[in-house]
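Could you build the full structure based on these sequences and the hints that come with them?
Spelled out from the first residue to the last, the chains are:
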Amino acid sequence: MFEAKIKADTLREIIGVVSTLVEEIKLNIDTDGLSLRAVDPAHVAMVDLTLKAGAFESLKADKCELGVDIDKLKEVLKLAKVGDIISMKHDEDKNRLVVTVENITRRMSLVDTTGMSDPKVPNLNLSAKVKLKASELGQGIRASESVSDHIAIQVSPEGFELKSEGDTDSVELKLSKDMLEELETKEVVKSLYSLEYFSNLIRSVGSAEFVSMFLGNNYPIRIEFDIAGNEGHVIYLLAPRLENG
Amino acid sequence: MFEAKIKADTLREIIGVVSTLVEEIKLNIDTDGLSLRAVDPAHVAMVDLTLKAGAFESLKADKCELGVDIDKLKEVLKLAKVGDIISMKHDEDKNRLVVTVENITRRMSLVDTTGMSDPKVPNLNLSAKVKLKASELGQGIRASESVSDHIAIQVSPEGFELKSEGDTDSVELKLSKDMLEELETKEVVKSLYSLEYFSNLIRSVGSAEFVSMFLGNNYPIRIEFDIAGNEGHVIYLLAPRLENG
Amino acid sequence: MFEAKIKADTLREIIGVVSTLVEEIKLNIDTDGLSLRAVDPAHVAMVDLTLKAGAFESLKADKCELGVDIDKLKEVLKLAKVGDIISMKHDEDKNRLVVTVENITRRMSLVDTTGMSDPKVPNLNLSAKVKLKASELGQGIRASESVSDHIAIQVSPEGFELKSEGDTDSVELKLSKDMLEELETKEVVKSLYSLEYFSNLIRSVGSAEFVSMFLGNNYPIRIEFDIAGNEGHVIYLLAPRLENG
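Chains as they are written, first to last, in our numbering: chain W, 3 to 247; chain F, 3 to 247; chain B, 3 to 247.
Worth flagging that the hints you see were computed from the coordinates, not collected in a lab. Treat the hints loosely; a few may be bogus.
The calculated label-pair distances, taken between Cβ atoms and stated as ranges, are [what the hints assert, rightly or not]:
| id | chain 1 | residue 1 | chain 2 | residue 2 | range |
| --- | --- | --- | --- | --- | --- |
| 1 | B | E198 | F | K80 | 58 to 64 angstroms |
| 2 | W | M181 | B | K96 | 23 to 29 angstroms |
| 3 | W | E160 | B | K96 | 52 to 58 angstroms |
| 4 | B | E25 | W | P43 | 45 to 51 angstroms |
| 5 | B | D169 | F | E233 | 35 to 41 angstroms |
Think of the CB as a built atom: it goes at the ideal place given N, C-alpha and C, for glycine as much as any other residue.
See the structure below:
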């Protein structure tokens, strides 16, 4: 059993995060809320998203799994205005999700979840932490897009640095300790990442004001931010790229 | 003789309605105003538009017919700002329409109307009538676009229903009697229509707040709405589609 | 040595003017400001732009020449918000321009200026002058785009006329003496120009309220307007087209 009402804006945040990685997603639902995990086809990035019951306008649910086609949810979101509430209900007889926006009802077939993997979040030992404005990070990522396809991220006791090196040009975002919301590291740690994944991620950060990053040396990065007015949380893991040459 | 001034916004409404069906249109003009009729090349839809003299800022005209290329009028409309007045004058010597927006004058050759048909509006016996918000209808049409290429419209003493059935998904807009502006029918009537024509029509409804629909069982639908602040009126007829299978 | 701060909006105006003609530009810089000259590959149009020191927020410079890739400056401008200040500095060791917007630093390689020409502004004897609103000229140009690929500009003691003649249609912008800011001519002068160059120019006029035009009979036209709040000036020369036939 699943019956819920949710703000269109909250559903939009969830879809924004997930849609850059996969086309179909398994939603794990129970009385406490919703959770989902997705790994992109190249196994470079993973997202782990949780939404507390408080993120819903109302939620009645037994423990269940729903396989959803993300494009179909996007189509429903296009009908919703800012502030609209979306109703969702699982029609168990026909295995369809019945989604209602105002006077419109969309019945969508669900995706079989038996073949869908249940990725484990790896346990990473990440010694450095930095918390910065999402808008600052976004500007650094956008600036990098014109010079290279990868970025280096470095955290030191002095501050945060994002660097993108092309053949002739380079881009750098430098934020000293006092320009950061939080900074925890004893040493200099640095890793290289694919710019494309960061670009997609930044577009999906949505309403979050701050982004936390946990990283090590040539190691995966863990990026965390809140959604749904702090009633939801996203953990995003991204594998490092090897240094060129 | 034809010499008129008209609000750019009014001309935009006329062009919006007509341009989804034809590329050239014959305008029938006299002292009482303007009228036009157009049938699309597939003979599935017909529009019958009338504009009273009161819809013009000024109108001096003998009875005449002007064949106009719709794209050329669109080009002129692109030059006009909201609130601009467009002047039009028939240059009979050169058979051109002289259109002025602010200090710009466009002289456009007219289309020969001798080959253009004069469609008759068929007399249909439509027993059911429903009047609803144009915005509600528009949302139902837009929602349907992602699941199918046709819609079923049903009117019963209980209310109005728009339904679109795809292979796996369906969309439904349901408005009960009390959510409608008007409802007149003794029985349940239902017909199937091509979604594409409805999508185009809805985009052209423009400023009308309400849309009236007259329909029967597996029969053409007549859709009516006002333009030009009630000084103009559009009748739109659409042939039904046969049920699949 | 070159070190300057400039409003993003001012840099945007410069780039707007130059980018329709060339992809790389030589900036001539000294303590008094900046100047540049560019001729398009077809040698039909030339731009001569000067920016006084007062157009900069700050300027420290020895006399120098910097060869800049215009697309790279556009990329930097995309990062800047309205009101942002852009810092620029010549890194002489690596021959790079170091450009900073907020916390982002872009280092861009410079273009070798030894091969770049130094066009001379020809001395033209242009007897007629007209000064008009940039927005009026813009509307005339846009209207012409749908009927032809060339325009005729005529100045007489009575006023200004822009005319575009297509095979069936024509467009005309007519401004009488009292609708012009300035008008100086003893005779009727008229020339034909390529519309494409005018279309590009008009898009680049930016914040200028007025445009001055100096012209003769079948002769190049000189168009002048201010940028950077009158701390900069653009002279644009355009060769005439021969009459068709």
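Has the hinted range 52 to 58 angstroms been met by the Cβ atoms of E160 of chain W and K96 of chain B? violated (24 angstroms)
When you take the CB atoms of E25 of chain B and P43 of chain W, is the distance between them in 45 to 51 angstroms? With Cβ atoms ~38 angstroms apart, the hint is violated.
Tell me if the beta carbons of E198 of chain B and K80 of chain F are separated by a distance inside 58 to 64 angstroms. violated (18 angstroms)
With 23 to 29 angstroms as the target window, see if M181 of chain W and K96 of chain B comply at their CB atoms. holds (27 angstroms)
Starting from the hint 35 to 41 angstroms, judge whether the C-beta atoms of D169 of chain B and E233 of chain F obey it. This hint holds: roughly 36 angstroms between Cβ atoms.
Violated hints, in rising order: 1, 3 and 4; the structure is consistent with all others.
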